[in-house]
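Chemist: Sequence:
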Amino acid sequence: SSALQLLSAEICESTISTLSLEAQHYLETTNKLLSTQFKMAGLFSSNPNSGDPYAPTPPNNSNDDILSQYRPLIQQFSLSSLLGYCSAVSAKRIGKTLAFIGGLGFVCLQAMVHKGYITVDWKKIEKSVTDVVDTDKDGKITERDVQRYFERVKAFLMENIPDASGFGLGFMLGMKS
Numbered sequence: 330s331s332a333l334q335l336l337s338a339e340i341c342e343s344t345i346s347t348l349s350l351e352a353q354h355y356l357e358t359t360n361k362l363l364s365t366q367f368k369m370a371g372l373f374s375s376n377p378n379s380g381d382p383y384a385p386t387p388p389n390n391s392n393d394d395i396l397s398q399y400r401p402l403i404q405q406f407s408l409s410s411l412l413g414y415c416s417a418v419s420a421k422r423i424g425k426t427l428a429f430i431g432g433l434g435f436v437c438l439q440a441m442v443h444k445g446y447i448t449v450d451w452k453k454i455e456k457s458v459t460d461v462v463d464t465d466k467d468g469k470i471t472e473r474d475v476q477r478y479f480e481r482v483k484a485f486l487m488e489n490i491p492d493a494s495g496f497g498l499g500f501m502l503g504m505k506s
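When you read off a place in the sequence shown, starting at 1, and then add 329, the result is the number in the numbering used here.
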């Protein structure tokens with residue numbers, strides 16, 4: 330029990346430090362992306378106080394007006410994308426952990442079968458799993474079943490999110506990392 334608690338604490342600590350590094354990388358990437366997009370849109374360029382002779386001076390602080398007008402949108406986009414990124418990283422980690430546990434369970438069962446301690450009716454287990462997982466009730470686990478589960482998870486994660494597109498972008502970036 331204490332070994333399990335120690336292992337659990339080590340996994341949590343490792344996950345937190347990895348998430349921290351990944352979140353920092355994501356924030357740096359997002360800042361670069363937003364900065365590039367704003368420059369391309371002409372929302373701001375170099376700082377007039379930087380000594381850059383080519384830096385335009387905005388008439389009547391129009392850039393500040395534009396930025397203050399879109400500030401809530403930018404904040405929502407950034408928060409939603411950060412939440413999406415973190416959700417994807419967590420989903421990947423949970424998926425890998427569940428796959429590891431499932432594989433380990435299978436190996437343990439097979440070891441007990443090999444030693445003669447138990448007998449496993451794999452056909453019956455396969456039928457039971459198919460009955461639970463098969464969403465279209467065609468008797469097979471197909472791509473459509475996986476797609477339906479993905480849609481359910483996506484709908485669950487995006488429910489009541491103020492900026493679903495930002496969340497989706499962050500989620501995609503998190504899945505690729």
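The hints are simulated quantities; they were obtained by calculation from the structure and are not laboratory data.
None of these values were measured; they are calculated from a predicted model.
Mixed in with the good hints there might be a few duds.
Under the rule of at most 20 Å between Cα atoms (straight-line distance), these lysine to aspartate or glutamate pairs were calculated in the EDC-like manner [stated by the list, open to error]: (1) Lys469 to Glu480; (2) Lys466 to Glu488; (3) Lys505 to Asp465; (4) Lys483 to Glu472; (5) Lys469 to Glu488; (6) Lys469 to Glu455; (7) Lys466 to Glu455; (8) Lys453 to Asp467; (9) Lys483 to Asp467; (10) Lys483 to Glu455; (11) Lys456 to Glu480; (12) Lys421 to Glu480; (13) Lys453 to Asp463; (14) Lys452 to Asp467; (15) Lys453 to Glu357; (16) Lys456 to Asp467; (17) Lys452 to Asp463; (18) Lys456 to Asp474.
Chemist: Next, verify each hint and record whether it holds.
Modeler: Results of checking the hints against the structure:
Between lysine 469 and glutamate 480 the CA atoms are separated by roughly 19 Å; this keeps the pair inside 20 Å, and the hint holds. Between lysine 466 and glutamate 488, the direct Cα distance comes to roughly 27 Å. Violation of the 20 Å bound is thereby established for this hinted pair. Among the hinted pairs, lysine 505 with aspartate 465 is inconsistent with the structure: their alpha-carbon atoms are about 29 Å apart, more than 20 Å. Simply put, lysine 483 and glutamate 472 have alpha-carbon atoms about 16 Å apart, close enough for the 20 Å limit, and the pair holds.
For the hint linking lysine 469 to glutamate 488, the alpha-carbon distance of about 30 Å lies beyond 20 Å, and the restraint is violated. Under the criterion of a C-alpha separation no larger than 20 Å, the hint pairing lysine 469 with glutamate 455 is consistent with the structure, at around 10 Å. Our distance criterion of 20 Å between C-alpha atoms is met by lysine 466 and glutamate 455, whose separation comes to about 14 Å. For a cut-off of 20 Å, the pair hint linking lysine 453 to aspartate 467 stands: about 17 Å separates their Cα positions.
Between lysine 483 and aspartate 467 the CA atoms are separated by roughly 24 Å; this puts the pair beyond 20 Å, and the hint is violated. The straight-line distance between the Cα atoms of lysine 483 and glutamate 455 is roughly 27 Å, outside the 20 Å bound, and the hint therefore fails. Between the alpha carbons of lysine 456 and glutamate 480 the distance comes to roughly 24 Å, so the proposed pair goes past 20 Å and is violated. Between lysine 421 and glutamate 480 the alpha-carbon distance is near 16 Å, which keeps this suggested pair within the 20 Å criterion.
A threshold of 20 Å between alpha carbons decides the hint, and for lysine 453 with aspartate 463 the separation of about 15 Å falls inside it, so the pair holds. The suggested pairing of lysine 452 with aspartate 467 holds, with an alpha-carbon distance near 17 Å, which does not exceed 20 Å. For the hint linking lysine 453 to glutamate 357, the alpha-carbon distance of about 51 Å lies beyond 20 Å, and the restraint is violated. A threshold of 20 Å between alpha carbons decides the hint, and for lysine 456 with aspartate 467 the separation of about 12 Å falls inside it, so the pair holds.
Pair hint lysine 452 plus aspartate 463 holds up; C-alpha atoms about 16 Å apart against a cutoff of 20 Å. Among the hinted pairs, lysine 456 with aspartate 474 is consistent with the structure: their alpha-carbon atoms are about 15 Å apart, no more than 20 Å.
Violated hints, listed in ascending order, are 2, 3, 5, 9, 10, 11 and 15; each of the other numbered hints is respected by the structure.
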